[in-house]
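S.K.: So the chains spell out like this:
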Amino acid sequence: MDSLALGLVGLVVLLGLIAIRVPIAYTMILVGIGGTWIQSGPLILLNQLKDLAYAQFSNYDLSVLPMFILMGGLASQTGLSRDLFRGANAWLGRFRGGVAMAAIAACAGFGALSGSSTATASTMGSVALPELRRYRYAPSLATGTIAAGGTLGILIPPSVVLIVYAIIVETNIVTMFAAALIPGILAALMFLITIAIYVRAVPASGPEGQKVPGSELWSATLGLVPVIVIFGIVIGGIYAGIYNPTPAAAIGVFLVAVYGIVRGKLSWSGFKSALLDTARMSGMIFLILLGAELLKIFMARAGVPQAAADFLQTSGLGAFEILALVIVVFLIFGCLMDSLSMVILAIPFFWPVIAGLDFGLSPEETKIWFGVVILVTVELGLITPPVGLNVFIINSLAKDVPMRQTFKGVMPFFASEIVRIILLAAFPAITLAVPRLLQ
Amino acid sequence: MSTEKADPGVATAPRPDTPLAKVIAGLSRVIVFWALLGGLGACALALMTTYSAVSNLLFAAPFSADYELMKHVIAVVIFMFLPYCQLVGANVTVDIFTEGMSEAKKAAMGVFSSLFAIAFSLLLLRQMWLGMWSYVRYPEVTPVLQLPLWTAFPPILVSLGLLLIASLITLIDGIRAARGRAPFTHHTPFQTAE
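Protein chains in written order, with numbering that gives the first Met the number 0: chain L, 0 to 438; chain H, 0 to 193.
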């Protein structure tokens with residue numbers, strides 16, 4: 000068998016194993032090891048395995064991941080989410096549909112503390128859902144809002160998937176963070192507008208707003224100060240070039256923990272579950288990264304990514320047509336797989352395709368812009384059937400709302416996201432403005 | 000994707016009260032403890048790095064070994080998380096094609112996955128054991144503290160040993176669940192109608 004054919008067989012086996020519910024990390028490890036073994040015998044491979052995993056895990060750039068995950072895990076346990084919601088509600092609650100708007104703003108705010116969409120959805124869900132129900136919002140709008148709000152975290156720094164993308168394509172994490180800023184804020188604004196339009200179109204879905212008294216406005220706004228300070232020190236420090244992402248994340252862990260302890264909000268059991276959440280998520284990510292490394296060794300030797308790039312580049316399609324095709328592929332697979340696995344698994348195959356195309360941008364700019372577009376795309380899988388993970392999480396928090404209702408409630412936000420993907424893909428300047436400014 | 004949460008503090012229903020069940024419950028606790036220890040390690044790294052960054056900002060005097068300690072220790076910490084991930088089913092799967100299947104069939108597929116995990120942990124345990132000895136024979140050290148790189152390996156090997164044990168536990172619980180019997184521990188993601 001020639002090596003390209005072997006690589007393609009490997010891909011088929013990979014997808015087959017994924018389909019029968021073998022964890023994605025193990026399918027990549029198995030196909031990577033098996034393929035390399037067949038390609039070039041066991042000796043080199045066994046030798047590599049002696050320190051490949053240690054070398055891979057003892058990577059300073061990657062160490063930012065467990066740090067940010069720990070920071071987010073602690074933030075979930077310290078009541079910061081409640082303060083965020085209260086502060087947002089004091090300002091936005093006066094509008095029709097305002098409590099839902101406040102939930103979106105609070106999700107965006109929590110996304111600034113946590114790198115995980117699902118953590119944002121579950122943390123904000125437990126705070127905002129009861130409020131939305133209390134104000135008699137339509138159940139589908141209530142659950143749909145939180146599920147969609149959770150996706151905001153993918154672009155608002157710190158984002159785990161964003162960091163992983165930056166590491167895979169070897170670009171600067173700080174530039175990636177800068178690039179994600181405007182698209183992230185754009186998403187939050189578009190969600191707010193979506194709610195405003197929706198509650199006007201379907202007045203029964205969201206009640207009139209209520210203005211809060213001045214004293215509540217003042218104290219609720221004060222409650223936002225810790226989040227703003229923490230975000231300012233951590234992410235602001237990164238943007239300003241005061242420290243690298245890893246120290247920034249470590250400082251974030253420290254600040255959130257100190258806040259939790261001083262305010263008496265961080266209990267021992269809360270601390271323990273933050274640690275175990277960190278263990279679950281970090282372990283899962285690093286095992287997939289190890290699998291990706293093994294798969295890469297095999298696939299690169301088989302020449303599969305290069306063959307894919309050659310195939311598409313000689314297909315006669317234009318650059319933006321190929322991009323559209325790639326977006327559709329990510330959209331479909333993003334619906335079947337979680338965003339992180341999707342990025343780690345597929346970017347190594349698709350990035351060479353995109354890198355060879357001319358979008359009128361420098362190679363570095365293409366990397367950053369493509370990353371932002373693709374992350375927004377895969378994140379949509381969190382709120383679409385069949386496996387919209389955020390919808391599942393919200394469903395477990397609001398058991399009386401049928402899943403179908405939540406998927407229905409998410410639809411306006413889905414439409415808003417499609418518009419955003421088109422905007423981001425058509426106008427790279429939206430993404431590249433801040434990185435260009437920082438240069 | 001599985002997001003089954005295993006809360007170690009959850010009230011425990013009676014489990015099969017056999018010696019094997021007790022051994023498995025004990026080993027599960029060790030695995031959870033090991034992950035918590037790793038988490039504390041991550042906290043210690045965060046503290047150390049914060050200290051170094053602040054000291055650098057205020058006194059232009061960073062802790063010069065912060066970079067290498069982070070690299071060295073975070074690798075150990077990640078390995079310490081792996082057995083827990085295996086035990087609670089944190090490794091993501093794609094469930095869409097198997098959603099309609101019975102719990103017993105899903106458990107059977109879980110058994111299949113556990114076999115991979117066993118094979119992987121055995122292979123890595125053997126190779127990294129050899130890897131440790133080559134680092135002992137041809138020492139490499141970290142730049143500032145002159146810490147030999149092999150020092151990361153003993154806790155990593157313990158972690159891989161626990162990963163093997165965790166995979167065996169998920170294998171046993173998977174087989175039990177496939178037969179419609181109650182799993183031995185509350186940690187593994189296998190569910191049966193009890």
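Keep in mind that the hints were calculated from the coordinates and are not lab data. Do not rely on the hints blindly, as some may be mistaken.
Covered stretches of chain H, going by a simulated chain L footprint (3 or more residues, C-beta under 8 Å) [as the list claims (entries may be wrong)]:
| id | stretch |
| --- | --- |
| 1 | 17 to 29 |
| 2 | 122 to 132 |
| 3 | 136 to 145 |
| 4 | 173 to 186 |
Output of the computed footprint for chain H on chain L, the stretches with three or more beta carbons under 8 Å from beta carbons of chain H [said to hold, decoys possible]:
| id | stretch |
| --- | --- |
| 5 | 42 to 53 |
| 6 | 99 to 112 |
| 7 | 171 to 183 |
| 8 | 275 to 284 |
| 9 | 292 to 301 |
| 10 | 334 to 346 |
Ideal placement from N, C-alpha and C gives every residue a C-beta, glycine not left out.
S.K.: Take the hints in turn and mark each one as holding or not.
M.R.: Hint check results:
1. Only residues whose C-beta sits within less than 8 Å of a C-beta in chain L count toward coverage, and the stretch 17 to 29 of chain H has 0 of them, not enough to reach three; the restraint is violated.
2. For the stretch 122 to 132 of chain H, the stated coverage by chain L is satisfied: 6 residues place a CB nearer than 8 Å to a CB of that chain, which reaches the threshold of 3.
3. With a cut-off of 8 Å between beta carbons, the stretch 136 to 145 of chain H has 0 residues touching chain L; three or more are needed, and the interface restraint is violated.
4. Counting residues of the stretch 173 to 186 of chain H whose beta carbon lies closer than 8 Å to any beta carbon of chain L gives 0, which falls short of the minimum of three for the stated coverage.
5. Only residues whose beta carbon comes within less than 8 Å of a beta carbon in chain H count, and the stretch 42 to 53 of chain L has 6; three or more means the coverage holds.
6. With a cut-off of 8 Å between beta carbons, the stretch 99 to 112 of chain L has 0 residues touching chain H; three or more are needed, and the interface restraint is violated.
7. Taking a C-beta to C-beta cut-off of 8 Å, the stretch 171 to 183 of chain L contributes 0 residues in contact with chain H, too few for the three needed, and the coverage statement is violated.
8. With 8 residues carrying a beta carbon less than 8 Å from a beta carbon of chain H, the stretch 275 to 284 of chain L meets the three-residue requirement, and the given coverage holds.
9. Using a Cβ-Cβ cut-off of 8 Å, 0 residues of the stretch 292 to 301 of chain L lie near chain H, which falls short of the minimum of three, so the contact claim is violated.
10. Counting residues of the stretch 334 to 346 of chain L whose C-beta sits closer than 8 Å to any C-beta of chain H gives 5, which meets the bar of three, so the coverage hint holds.
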